[in-house]
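Line by line, the protein sequences give chains A and B.
The C-terminal residue of the first sequence carries number 338 in the numbering used here, and the numbering is unbroken.
The C-terminal residue of the second sequence carries number 338 in the numbering used here, and the numbering is unbroken.
Mixed in with the good hints there might be a few duds.
[Stated by the list, open to error] With a straight-line cut-off of 27 Å between C-alpha atoms, the simulated DSS-like cross-links for lysine-lysine are:
| no. | chain 1 | residue 1 | chain 2 | residue 2 |
| --- | --- | --- | --- | --- |
| 1 | B | K312 | B | K14 |
| 2 | A | K45 | B | K312 |
| 3 | A | K99 | B | K99 |
Keep in mind that the hints were calculated from the coordinates and are not lab data.
None of the values given here were measured: they were computed from a predicted structure.
2 protein chains.
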Amino acid sequence: MRNFSDRLIDEIDKYDNPSCVGLDPRIDEIPTFLAEAAMKECDVKPGESSNAAWAASARAIEMFNERLIDSTHDLVPGYKLQWAFYEPFKEHGVRAFEKTANYAKSKGKIVIGDGKRNDIADTAEAYADAHLGVVGLVTGVYVSGLNEDALTVTPYLGSDGLRPFIDVCKRFGKGIFVLTKTSNNSGVEIQDLMLAENHGGRRVFEQVALKAEILGRDLLGKRGYSSVGIVVGATGNTPEELRQQAKRIRELNPFAITLVPAYGQQGGTAKDTVPAFTGEGYGAIVNNSRGIMFAYQREPYKDKYRPEEFEKASRDAALAMKDDMRNTLKASGFRRWV
Amino acid sequence: MRNFSDRLIDEIDKYDNPSCVGLDPRIDEIPTFLAEAAMKECDVKPGESSNAAWAASARAIEMFNERLIDSTHDLVPGYKLQWAFYEPFKEHGVRAFEKTANYAKSKGKIVIGDGKRNDIADTAEAYADAHLGVVGLVTGVYVSGLNEDALTVTPYLGSDGLRPFIDVCKRFGKGIFVLTKTSNNSGVEIQDLMLAENHGGRRVFEQVALKAEILGRDLLGKRGYSSVGIVVGATGNTPEELRQQAKRIRELNPFAITLVPAYGQQGGTAKDTVPAFTGEGYGAIVNNSRGIMFAYQREPYKDKYRPEEFEKASRDAALAMKDDMRNTLKASGFRRWV
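Just chain A, with the same shape it has in the complex (with noise of 0.2 Å):
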């Protein structure tokens, strides 16, 4: 099977774009003409609240996705599609989330689910199986559950809450991204603080960062990067706090695939993200969901697209990111991108 890792670069190649798609699809913000299709579709009228109501949510979802992939999956090696906001509208919405993951797939594309998943001992392998392996049914058969390929999962429980993430990830080639140092400004509560002297000296997101590089040696792959990846955000700081604090992650862990989550986003630019790639250029992939997603709600695009349009406002602004990403990767000097 191969590594994810492998995988992920090399589809960066590809569309020479390191950047994905978040789908998050707030109900509240798709266009209104694709509500009315999926209500008239699952034969529902505004104020029900009836099952048929519920799976017209997740057809809104579903339809919204789908011409989503159709308008940019030309565009980036993949998409990364937030949980939290499927898990709402329940099996309709774990319908939605697994119908939109293998649209994008029968395009060639790469999902990854954002879910923070984290548990320990076989809860954590009931984890691992249901999202990136495969699913003993009452049959006595084993199939591949949600296949997502790969999943964002949470270290407050050590390493042996990864571990089974990592065995499922080494038989069928996927990755997981370990939460390690998020922008939100509490994140620091907990992630920012110093260990004492005799317990690494170091703060707690080092800490992570390391534990994340030793599990990840097992995950390496030919490209030289690891498919157990770290999430680090690229807001919240300073430019120069933010290149350090970067600088001290690559120093504890040169090989992992950092998801930046945050590009358009809480000020997110590509210059914030420029730490977070080494060596020639590779080493991250970098999300845009709202910005992306909602594009024809925002300027730039607002003026120029209906609502009916979205998906070109969408386009253009999966496009500007893409060579707003290469143009600083390229003045940064990283050679991949010269």
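Based on these hints, arrange chain B on the given structure of chain A.
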């Protein structure tokens, strides 16, 4: 809306029992006769991997859970459902979770979802809405989501990853349990790290307990506890270490209800859970999953009951746990249990 911690303590009083039953339906441990009944009902044969085979898997889980609830609901305040054992069955698994939760609620039981969810800002809010609040449908209405009474959450993202959950708890009388100290071997890798003097000078899990205390002030109930609970394992250390650890946690957070997950597993005994109780003898709820669900496969019930009578073994095990907990708390001098 009534405070969750008040509701939970009232139920503990009503059933004279500080324990709950974990519903972690490992599919390969479900009695064969039930697996066969589910396959028959869904018209599938062994070896099938059709959509109906997935549905039959979920159906087996539902049937198993409902019989367990039938045989134990008059003994316990509630049930803890581990999401990791439902999620593998995709949309069918979520439906089985919801049906089980609704069935338990129809018997007046408290339902704790063990999902260890976590994210930030409006993403955390989407999880909170999904599990504990109301969900906005495409039809413009807001309706109850999965409607668990409480959800386990992970603290790595800091207080702005927890706030959205707390806001929803306040509105709907729900609770959270913040993962604080786990009993797996490598839980210590992050949780037990000692912080530098100028960063609190305590261990990471103590810092988490303190954060939960601060956030928990917003959800204090009339009975002296907060609906911001904590999860603290009760195995993996010497009894003296457990006592010291629980004492430190109680100093930092005197009013969190402690969810103790590991009774009867990993060597956990009633005695190990004692330090989680406080005052008169409230402040903790002790969970037992495998030891009750799969009692029919285990000593001393294995030879007493046939697999077809699995729920009798489960009832015996739930009763034995109730007695064990009560006797142990009584012997420890807690006034509530004398």
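Results for each hint:
| no. | hint | verdict |
| --- | --- | --- |
| 1 | B:K312 <-> B:K14 | 22 Å, holds |
| 2 | A:K45 <-> B:K312 | 48 Å, violated |
| 3 | A:K99 <-> B:K99 | 23 Å, holds |
In summary, the structure is inconsistent with hint 2 from the numbered list given earlier, while agreeing with all the others.
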